[in-house]
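Number of protein chains: 4
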Amino acid sequence: MTIVLGPNQFGKAETRVVRVHRDGDRHALRDLNVSVALAGDLDEVHLSGDNSAVLATDTQKNTVFAFARKHGISSPEEFALLLAEHFVSSQPTIHRAKVAIEEFGWERIPATGHSFVRTGQEIRTARITHTAEATHVVTGLRDLVVLNSTGSEFWGYIKDQYTTLPETRERILATSVTAEWRHAGAFEDSYDTVKAVLLDAFAVTHSLSLQQTLFTMGRRVLEEVPGIAEIRFAMPNKHHFLVDLEPFGLDNPDEVYYAADRPYGLIEGTILRDDVPAAEDAWTS
Amino acid sequence: MTIVLGPNQFGKAETRVVRVHRDGDRHALRDLNVSVALAGDLDEVHLSGDNSAVLATDTQKNTVFAFARKHGISSPEEFALLLAEHFVSSQPTIHRAKVAIEEFGWERIPATGHSFVRTGQEIRTARITHTAEATHVVTGLRDLVVLNSTGSEFWGYIKDQYTTLPETRERILATSVTAEWRHAGAFEDSYDTVKAVLLDAFAVTHSLSLQQTLFTMGRRVLEEVPGIAEIRFAMPNKHHFLVDLEPFGLDNPDEVYYAADRPYGLIEGTILRDDVPAAEDAWTS
Amino acid sequence: MTIVLGPNQFGKAETRVVRVHRDGDRHALRDLNVSVALAGDLDEVHLSGDNSAVLATDTQKNTVFAFARKHGISSPEEFALLLAEHFVSSQPTIHRAKVAIEEFGWERIPATGHSFVRTGQEIRTARITHTAEATHVVTGLRDLVVLNSTGSEFWGYIKDQYTTLPETRERILATSVTAEWRHAGAFEDSYDTVKAVLLDAFAVTHSLSLQQTLFTMGRRVLEEVPGIAEIRFAMPNKHHFLVDLEPFGLDNPDEVYYAADRPYGLIEGTILRDDVPAAEDAWTS
Amino acid sequence: MTIVLGPNQFGKAETRVVRVHRDGDRHALRDLNVSVALAGDLDEVHLSGDNSAVLATDTQKNTVFAFARKHGISSPEEFALLLAEHFVSSQPTIHRAKVAIEEFGWERIPATGHSFVRTGQEIRTARITHTAEATHVVTGLRDLVVLNSTGSEFWGYIKDQYTTLPETRERILATSVTAEWRHAGAFEDSYDTVKAVLLDAFAVTHSLSLQQTLFTMGRRVLEEVPGIAEIRFAMPNKHHFLVDLEPFGLDNPDEVYYAADRPYGLIEGTILRDDVPAAEDAWTS
Chain A
1 MTIVLGPNQF
11 GKAETRVVRV
21 HRDGDRHALR
31 DLNVSVALAG
41 DLDEVHLSGD
51 NSAVLATDTQ
61 KNTVFAFARK
71 HGISSPEEFA
81 LLLAEHFVSS
91 QPTIHRAKVA
101 IEEFGWERIP
111 ATGHSFVRTG
121 QEIRTARITH
131 TAEATHVVTG
141 LRDLVVLNST
151 GSEFWGYIKD
161 QYTTLPETRE
171 RILATSVTAE
181 WRHAGAFEDS
191 YDTVKAVLLD
201 AFAVTHSLSL
211 QQTLFTMGRR
221 VLEEVPGIAE
231 IRFAMPNKHH
241 FLVDLEPFGL
251 DNPDEVYYAA
261 DRPYGLIEGT
271 ILRDDVPAAE
281 DAWTS
Chain B
1 MTIVLGPNQF
11 GKAETRVVRV
21 HRDGDRHALR
31 DLNVSVALAG
41 DLDEVHLSGD
51 NSAVLATDTQ
61 KNTVFAFARK
71 HGISSPEEFA
81 LLLAEHFVSS
91 QPTIHRAKVA
101 IEEFGWERIP
111 ATGHSFVRTG
121 QEIRTARITH
131 TAEATHVVTG
141 LRDLVVLNST
151 GSEFWGYIKD
161 QYTTLPETRE
171 RILATSVTAE
181 WRHAGAFEDS
191 YDTVKAVLLD
201 AFAVTHSLSL
211 QQTLFTMGRR
221 VLEEVPGIAE
231 IRFAMPNKHH
241 FLVDLEPFGL
251 DNPDEVYYAA
261 DRPYGLIEGT
271 ILRDDVPAAE
281 DAWTS
Chain C
1 MTIVLGPNQF
11 GKAETRVVRV
21 HRDGDRHALR
31 DLNVSVALAG
41 DLDEVHLSGD
51 NSAVLATDTQ
61 KNTVFAFARK
71 HGISSPEEFA
81 LLLAEHFVSS
91 QPTIHRAKVA
101 IEEFGWERIP
111 ATGHSFVRTG
121 QEIRTARITH
131 TAEATHVVTG
141 LRDLVVLNST
151 GSEFWGYIKD
161 QYTTLPETRE
171 RILATSVTAE
181 WRHAGAFEDS
191 YDTVKAVLLD
201 AFAVTHSLSL
211 QQTLFTMGRR
221 VLEEVPGIAE
231 IRFAMPNKHH
241 FLVDLEPFGL
251 DNPDEVYYAA
261 DRPYGLIEGT
271 ILRDDVPAAE
281 DAWTS
Chain D
1 MTIVLGPNQF
11 GKAETRVVRV
21 HRDGDRHALR
31 DLNVSVALAG
41 DLDEVHLSGD
51 NSAVLATDTQ
61 KNTVFAFARK
71 HGISSPEEFA
81 LLLAEHFVSS
91 QPTIHRAKVA
101 IEEFGWERIP
111 ATGHSFVRTG
121 QEIRTARITH
131 TAEATHVVTG
141 LRDLVVLNST
151 GSEFWGYIKD
161 QYTTLPETRE
171 RILATSVTAE
181 WRHAGAFEDS
191 YDTVKAVLLD
201 AFAVTHSLSL
211 QQTLFTMGRR
221 VLEEVPGIAE
231 IRFAMPNKHH
241 FLVDLEPFGL
251 DNPDEVYYAA
261 DRPYGLIEGT
271 ILRDDVPAAE
281 DAWTS
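Protein chains in written order, with this note's numbering: chain A, 1 to 285; chain B, 1 to 285; chain C, 1 to 285; chain D, 1 to 285.
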């Protein structure tokens, strides 16, 4: 046998850049956490420690800050694209750049021009994969926690020797949505629309399973928002167990729940258009 | 010398209870994390393991769930008061009850009656200390992250042999507010008003130091919201450093910042009315 | 276009099971966090909410506990294999099972038989992928934090317009090792040996780059531990910056360092034998 | 009423300093997280933003690094004392300094001189309070997770209308020990001895309650380690619930446990010598 180097990449992770855009007394903020990963002709650095093909991760960090000044940040996707293209086009040894971004939301404090409060709701995400041959743009969000206090059932599942769960026609359904959607063509910013569709689809779906809710959310995004090729979800079932109050002489007509931490169900699924080529590269970290 | 038992307490921490209040198809949620700590005649359990004075922490948890059913949850403070009074009045061996609560906020998904999304902004807190002699109610919040992109200076401080920080007339001021305010008399729910005053005071104060901003925030709460005896703050200075872009041939006219994690300045202070008796018991965990 | 369901799976994540093996007064512990993910004929649950192909995640959790009783836990890999085979063989609708395990280490408190203290060092991991056609076993660890206080250099890298990092012939090299290795054939437990090789290889390699250290660690594992097909690493460069003490009239002969949090370099790489078939399925979550 | 400023302090939190002590090829490491909090004549900074009494937190950070070079780090307590005395003695406006330190442990990788691996077990802590009048030294640890797989009972507690917990003569007892001990006089380093006594006392105590175990641990430290005035504990009851396997036709002879996260019992207590003056100041953050 021979021992060889397989797939590899390197980069600067989690550069925290805040960009203030000033329009007189009225400011706007973009607050990003930027992670870069580069791949290319990197055999020698692994085999002998020859760094001549390496763009130091410190340099990558500097580039993030410099680009924030030169280009501003109009969206995480566009900022990531600028960076990814720069790394690949400017360095002959770098053939693929991945840029992943988290964006933290801020809203203006009422009646002010340059004072902000973190929204704290979900985190917006973006990941770009760029080579000379292809560019993929994936937008997403995570930590969007939603709950329906009625309108959810769960029954009709397999009963085996280890099954004790009673069927139910009424339960709380809650999850923390992680969703990422791949743009079919050029990136267009439809983040707010997608978020609104996700919330509405979660809310209005009478749910027989979290899978059914997940699929409906994805289907509606693909139907209602143009330009999206596929959407992927990871949705933990944040279990809310109805507490048995009978030992205390009390009924519990779907009012008092225990919110459990672990274990939790985890539902993952992809919904896609059948007329768009697959792009597995777009999804690897 | 003799070795003796000093102050002690025990209780069930972090019972996660969700209470649904139903008004036909329109539901409301309270989502709490409840921690109880009881003190009393507990020498023997420590010295010999005699548990006859102990109200098991499992029983405390059950009580939280039962009370959520019997009394509902009109506010974290009122729910905590009910629990604390119950433990002290029902158990001869328990002389002091502390109940600390975190509340997670939810907002209705637009155009729905029983679908919710976590607001994710700040966490509301409450802590009640109850004995036969006195009851103290403290309301608070944490993780309220705010930022002014201008209107902050820092200069005129001590220069010693270890000082390298340049003075500035322009910086970003950002912090994550933890504030707790003690009610002078009976609890009245003015949470939303206090939060609004805190945000506004942070925003409109031209700041010469984070201490000055902190004091102004506290003073305004005491002036504008009746019934508050004192307010305590812990406010980390979430440093945003202006990036030096000169090595790249770029200026940086207060536009590109690096958001640092550690270390951070930490400013703590109390603002109080001088006509209300102190109550140190109200503040111990 | 048509909208279709793509890859999907579901399962119970993070079932925390502790198994006590008793040999008279001398006990042994295995402390696991078990996550199951199942795939199969799950179109209908997504499309219509028909759960007849679904093995409820609650049932999966029960199975974990029952199997811990029936089979004991000889290693996380063997326990995961038992579970994965059970789910696929017992349920006609389930065609693939993934079982991922974290194991927390305990060591005996000296001179006792059934008292333990968490080692706290690294977390051992295992992931099994099982279908009727193939079974893959991957063992690993994470959070193994290592540091060389000398014997590390970094120079000879690309200098572009954004490069400011000075070259160095002396630096601290520190990382938190995440490593996973795929067994070429049947699983044999060589965890302690692999860990020892990783530590030794990190320590004795005079490093010209973290990539070189990473490759050496992987090469030595493949050379010295039989039965391993490939090993994958993710190693953050935990930067320790030499503090400039000159403003205080002090030198700093490689003694005082600032340990930074973010950003950090992140180095990822695979080292593999060229005579073993690839198995990408083994690695997906 | 008048609104006044109450107790306040400010400082630099979480300066991460790593000090390498070199003895030829054999190095030693101290890895600290240092937090400083200063109090004094700080009214004006709060009231008017006049910073003339303020030692900038950036300067405090610089002092930490400079002192690590000048004095080395022989123990976290001695390093904290040097810093606290410096701040109070060198600045007329500063009257009290608190220095809190976390120390992360490293052990040498076998057969090497300057390669280390994080022990990962517990975190050592120190907190010093210094004024012109008095100095208090508190040593401690946290995250020391221990478990007895037998030798623990819990029965004889109060039964009220909310009690459902069955009594038990056999259970797992597990906790994550946070302990802090105040030195009666001058600091002497007995950390390893105290840790060993804590572990042994936890292990050998047949427990009728976690309170009894806690008291025994404290009593033994005070008896066996000279120079300690008092010790304070916070010990969560990390519940391990015996799983009911009867629905699956299995018994469970104290073998399979579910390790729960929340809620948890929390036991707090102080054990002290009656011949040493109290020092509440030593304990406030």
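It should be emphasised that the hints constitute simulated quantities derived from the structure, not laboratory data.
No experiment lies behind these values; they were computed from the predicted model shown.
Treat the hints with care, as some may be off.
Claimed, not checked - Quick partial rundown of chain A residues pointing at chain C, CB under 8 Å, derived from the structure: (1) SER89; (2) GLY156; (3) HIS183; (4) PRO226; (5) GLU230; (6) ILE271.
Claimed, not checked - Just a few of them, taken from the derived set where beta-carbon distance is under 10 Å, the chain A residues facing chain B: (7) PHE65; (8) TRP106; (9) GLY120; (10) PRO166; (11) PHE202; (12) HIS240; (13) VAL256.
We treat Cβ as the ideally placed atom computed from N, Cα and C, and that holds for glycine.
Evaluation of the provided hints:
1. SER89: 12 Å, violated
2. GLY156: 4 Å, holds
3. HIS183: 15 Å, violated
4. PRO226: A/PRO226 check fails; min Cβ-Cβ to chain C is 11 Å, beyond 8 Å.
5. GLU230: 7 Å, holds
6. ILE271: 6 Å, holds
7. PHE65: 5 Å, holds
8. TRP106: Holds, because the Cβ-Cβ distance from A/TRP106 to chain B comes to roughly 7 Å (cut-off 10 Å).
9. GLY120: With Cβ-Cβ at 4 Å, under 10 Å, it holds.
10. PRO166: 19 Å, violated
11. PHE202: This interface hint holds because 7 Å falls under the 10 Å limit.
12. HIS240: 6 Å, holds
13. VAL256: 5 Å, holds
This entry does not satisfy hints 1, 3, 4 and 10, going by the numbered hints stated previously.
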